[in-house]
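**Q** Residues per chain, in single letters:
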Amino acid sequence: MTAPTHDTVKADEAEADAAADVAKKHVEGRSLGRIAWARLKRDKLALAGGVTVAVLILVAVFAPVLTALIGQDPNEYHQDLIDPLFGTPTGSFGGMSADHLLGVEPVNGRDVLARIIYGARVSLLVGFLSALVAVVLGTVLGILAGYFGGWLDALISRVMDMLLAFPQLLFIISLIAVVPNSMLGLEGTGVRLFVMVLVIGFFGWPYIGRIVRGQTLSLREREYVEAARSLGAGKRYILFKELLPNLIAPITVYTTLMIPTNILTEAALSFLGAGVKPPTASWGQMLNTAVRYYDQDPMFMLVPGIAIFVTVLAFNLFGDGVRDALDPKGTR
Amino acid sequence: MTNPEGADAAEPAADSTADSAAQEDAVASEANAESAAAVTMTSEDAAPGEILLRVTDLKKHFPVTKGVLKRQVAAVKAVDGLDFDVRAGETLGVVGESGCGKSTMGRLITRLLEPTHGTIEFEGRDISHLGTAGMRPLRRDVQMIFQDPYSSLNPRHPVGAIVSAPFKLQGVRPEGGVKKEVQRLLEVVGLNPEHYNRYPHEFSGGQRQRIGIARALALKPKLVVADEPVSALDVSIQAQVVNLLDDLQGELGLTYVIIAHDLSVIRHVSDRIAVMYLGKLVELTDRQSLYDGAMHPYSKALLSAVPVPDPRGKAQRGEDRILLQGDVPSPLNPPSGCRFHTRCWKATRVCKNEEPPLLQLRTGHQVACHHPENHEDQRPEDTELLSVAEKTADELDSERSAIEQRDREAVGKP
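Residue numbers (the numbering used here), protein chains in the order written: chain A, 1 to 332; chain B, 1 to 414.
Honestly, the hints are just simulated from the structure, not real lab data.
Worth double-checking, as some hints may not be accurate.
Just some of the chain A residues that point at chain B, by a computed CB distance under 7 Å [stated by the list, open to error]:
| hint | residue |
| --- | --- |
| 1 | S31 |
| 2 | R222 |
| 3 | E223 |
| 4 | Y224 |
| 5 | E226 |
| 6 | A227 |
| 7 | R229 |
| 8 | S230 |
| 9 | L231 |
| 10 | G232 |
| 11 | A233 |
| 12 | E242 |
| 13 | P245 |
| 14 | N246 |
Output of the computed footprint for chain A on chain B, the stretches with three or more beta carbons under 8 Å from beta carbons of chain A [what the hints assert, rightly or not]:
| hint | region |
| --- | --- |
| 15 | 145-151 |
| 16 | 161-174 |
Just so you know, these numbers come straight off a predicted model, no measurement behind them.
Beta carbons are placed, not taken as given, at the ideal position from N, Cα and C, and that holds for glycine.
Let's have the full structure, built from the sequences with the hints guiding it.
**A** This is the structure:
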């Protein structure tokens, strides 16, 4: 084509240089992740949830240190604080005192605060690990179903439908009944935890699998996938380098919303006696005990109830915040 | 490519920001300065005028399947028998209505799709059925520019990663390192090389398309297929991008196949133009003879639809706009004979019964028509025009079977 005349070019080049100088001051690009983080920081409710979650994680990790600090052991009996006639704690509000900040358990008088702290370990462990199992299974199977389609998609989709229709709580309760007391080098509570993580995770993956499959279906038609193919990219490159980075956002959102559900499932299982074995402390189990004393010692029911409530609420608020931050009504 | 109207199109006046206009011109001058060196560099490849790509009887039928056993009940004949050559150094423009198979054709010659029938030869080598691995080395030579700049760049990758992907995927180590080469490419397409770390969402549509162009040019390809490269852009930006493509062709000795539905774009960039209708070529000729004397009635109708600065003047010259009746018939069941006969004002009995072959009626001017315009009639004996009723019936026929097909499918699906 014909070039513009030379003197205009020179003038324009000077302008271009000036423009380049201005541009040099802010050249660092903002990735979508960084934009989401900036957005999340502005969401006060989500931040509160996030801080609560972080505190809970610290509490669970440093449970032995914390209980040592308050000078209580979760499994130490304090029968002297129990009314021998009714089996309930002496003193008001479930036996609250300077030694036992949240009171003691009915019957054997174990310190409630120490048990709540240790209970957080079980709840978060099961919540996180089962979510991890679900995310790994759901992402791999969902992406395969979505990308390859055909019979593989039909198979995986039908399995997902089946699992979603399965009465999982009943299944886990009956499964726990037949699981031996020791397996794979684990014993007692260890076995129960292992089984809970696996089974809750296994029944959870279709939720993530469906999301990932749907997203993959739409993403694989994008032109950048074709562009990668036109450069000679193989299937693995397209799946991991082109598609997976775009799936991180929905997966993160569903993971943060799945953890509280799993925590609730664990609490329900423990409540029903299918969770961890006594004397290991767990919130659901404490609630179970509390049900028998709800009229004499309502405090004991309130404390684990609030613990579960606060944990689930914190995760949900944080999860909602993450979703809003990652999905500002546009996935571009 | 030669370009008589280049000067006015190159005016960046329509573009509002002085910044990008300045960049544009800087690129233009650079391109011209380097073009001499670039030409000598690429001359060891196929010499200009030699056939780079040859397509023979190319077909792509998308099967329509039904039931669990995936029984094929019909086929969408997106591309149904194409023959053409692309010569080194030229620009072949491909035009046609939506759904006529242009994009499918582009994806076939870049081998993003597997042809159903026919051969594609690149530099004399048959590439029509090469697999992913077999195509990989050839991907360096054949590249593609995509239509939608918002969908053709991965939003999670910074620009540097996008433009360096070709090097990574092809295992090429450019001189001076990948980063330096990527920054050079960004500069070539008129972007600030400092924007290496930015993400696609931080750029405008036109800038994104430039990124796509930089990616396509990274490996110094011989053939670039551009699928509607400017249709998603503002008119003012269209001119910039088209001129950029123009400059790069001179600089790098590229061969283009540019697919577009916008005739003014095609006219601006093409050396030769192929007109497609319903999966077939109806006319293939150089730009001048198409715009001066289109022979196929469809080409004529398309050309008459181009907006002109002064419509009254055109009407006075007796070049009234030709309004085609109806829609493009369904490629599921294209009309018999000449596919255009249901909408053609010159259609006769023979058009309905006999498919016109693509014949060279003048030097370098191929047309598939029984009764071409601006040329002697191929079938002068057949003068009785088809009635409107008959044409409508044929069109409905094609349409009806397509609808029935859709209904059958809808019932078949759970």
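**Q** All the hints need checking, so say for each whether the structure fits it.
**A** Against the structure, the hints:
1. S31: 6 Å, holds
2. R222: 5 Å, holds
3. E223: 4 Å, holds
4. Y224: Holds, about 4 Å.
5. E226: Holds. Min distance 6 Å.
6. A227: 5 Å, holds
7. R229: 6 Å, holds
8. S230: 5 Å, holds
9. L231: 5 Å, holds
10. G232: 4 Å, holds
11. A233: With Cβ-Cβ at 5 Å, under 7 Å, it holds.
12. E242: 6 Å, holds
13. P245: 4 Å, holds
14. N246: With a closest approach of 6 Å, the A/N246 hint holds.
15. 145-151: Our answer is that it holds, as 5 residues pass the Cβ test (under 8 Å) against chain A, meeting three.
16. 161-174: holds (count 4)
Checked against the numbered hints given earlier, this structure breaks none of them.
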